[in-house]
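Student: Using the sequences and the accompanying hints, generate a full structural model.
2 protein chains.
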Amino acid sequence: MKIVLIGSGNVATHLGKAFSISGHDILQVFSNTEVNAKALATILKCEFTNDMDKIIPNADVYFIALKDDAIEGFTNKFRCLGKVIIHTSASLPMDVLKKTSNDYGVLYPLQTFNKMMKLDLTNIPIFIEANNDKSKKVVTLLAMGISNQVIELTSDQRLTLHIAAVFANNFTNHLYKIADDILYASGLEFDILKPLIKETVDKVMSNKPANVQTGPASRQDDKTIKKHLELLKNFPSYKPIYELLSESIEKQSK
Amino acid sequence: MKIVLIGSGNVATHLGKAFSISGHDILQVFSNTEVNAKALATILKCEFTNDMDKIIPNADVYFIALKDDAIEGFTNKFRCLGKVIIHTSASLPMDVLKKTSNDYGVLYPLQTFNKMMKLDLTNIPIFIEANNDKSKKVVTLLAMGISNQVIELTSDQRLTLHIAAVFANNFTNHLYKIADDILYASGLEFDILKPLIKETVDKVMSNKPANVQTGPASRQDDKTIKKHLELLKNFPSYKPIYELLSESIEKQSK
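Protein chains in written order, with our numbering: chain V, 1 to 254; chain R, 1 to 254.
Careful: at least some of the hints might be erroneous.
Heads up, the list lumps identical chains together, so a pair's fine if it works in one copy or across two of them.
Claimed, not checked - DSBU-like, lysine-lysine: derived pairs with alpha carbons at most 30 angstroms apart:
id	residue 1	residue 2
1	251	227
2	17	67
3	251	226
4	194	67
5	208	194
6	226	77
7	227	136
8	45	77
9	239	77
10	208	17
11	223	99
12	45	134
13	208	67
14	251	194
15	54	98
16	198	67
17	251	54
18	98	251
19	54	77
20	223	136
21	194	239
22	134	2
23	227	77
24	45	2
25	208	198
26	194	136
Calculated directly from the structure, the hints in this document are not laboratory data.
These numbers come from a predicted model, not from an experiment.
Tutor: See the structure below:
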């Protein structure tokens, strides 16, 4: 399929490459910032523009990989009747695309896109949604080309999934950061926690998290919790987090 | 070395087996509950007792693997002058053993002990402390027999490490549980998060957690956060956790 890529950030870059590798033609990259459009177009060996009026009209797919705020701005102006238009946002409903075309959908890879990211998306689940058979065929074809796990979700389910991912990914990473800070203050390296972190994750790969909860809060070991809170006086921003999470675990262990 | 094992729970079981495999003699298991003492003694092929007065006096090491509360009760009564006594608690200082002997120490494996646990402790870091050269030699010998990562820590550092481990292990597991609950309510499986969870952990194996933070809070995407909080009204216990962790991330991303 012939694709115009709207956007030039991490997601546009990684998905653009992946579409290209899976055999599609990226015709053009659009970005408001010409230098960014050009940079990605150079990687993808295609045209580029920062002028919305010069977006190539004869592609099969207009693939929007912009930040949420920018998507709304773009779809207020852009029209591509007869073509399929797709966004890749977790939190925006599919219908934000309604005014741009009759055929639209969503392709959302559940991945934490950043500089370190591996290019291989094969084992990354991709969540799709489409408003009719035509767009569903196109979204499915694109998704199947880059991942072997393609799952249909509604917009509401996608938002829920995103929230769950914030807990399981963004928030756990922040807890690692807190652990790092606490260790650092005692002259200890984050490295010494790595075997335990691996083990914690290994366990939930084959068990329900609720069934493998351990620690002072889950055994209602209030003496230990008290000692921890005493020491956490030196970390006034982390103490309330310790308290709230411990209470939440205790509530569920009763 | 000849060891008497005080305790019959998970930690006693796993360490007892590990000491035995590494060539030490477990002479006896003591537990207040005879049936538990017997069960572990059967596994370790040794004697057992639930009578403190019948604890064999001629061992080299008295190894206490009891819950923290039980340790204090035990050490109030037990004496083994001339022998080395060791506890395995994260949160109790080494000195709780002072009254039992002149030679004492701590051997603390950083591991989440439960039924699913693998027996191989080789790659589990073990943190040790000792009050003099004699006990240090004994504690080191025991630790080196079961792990290839033996690290000396003070009691204060061990407590700090334990707090860090609560954040990195117990609390992250609880966040997985929350994610599971949220997904379940939308008819989604926890399985779909597993690739992302693996990726999150892989990243901190080679990066500082602070450097790989992603998500709405780290990019101060207040619109998305607002949408998430709106939906989290259905999860009144989880909403404050989302808010507090998001605030903490935002504070550090500024």
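Student: Of the hints stated earlier, which fail here?
Tutor: Numbers 9, 17, 18 - these are the hints that the structure violates, sorted from lowest upward.
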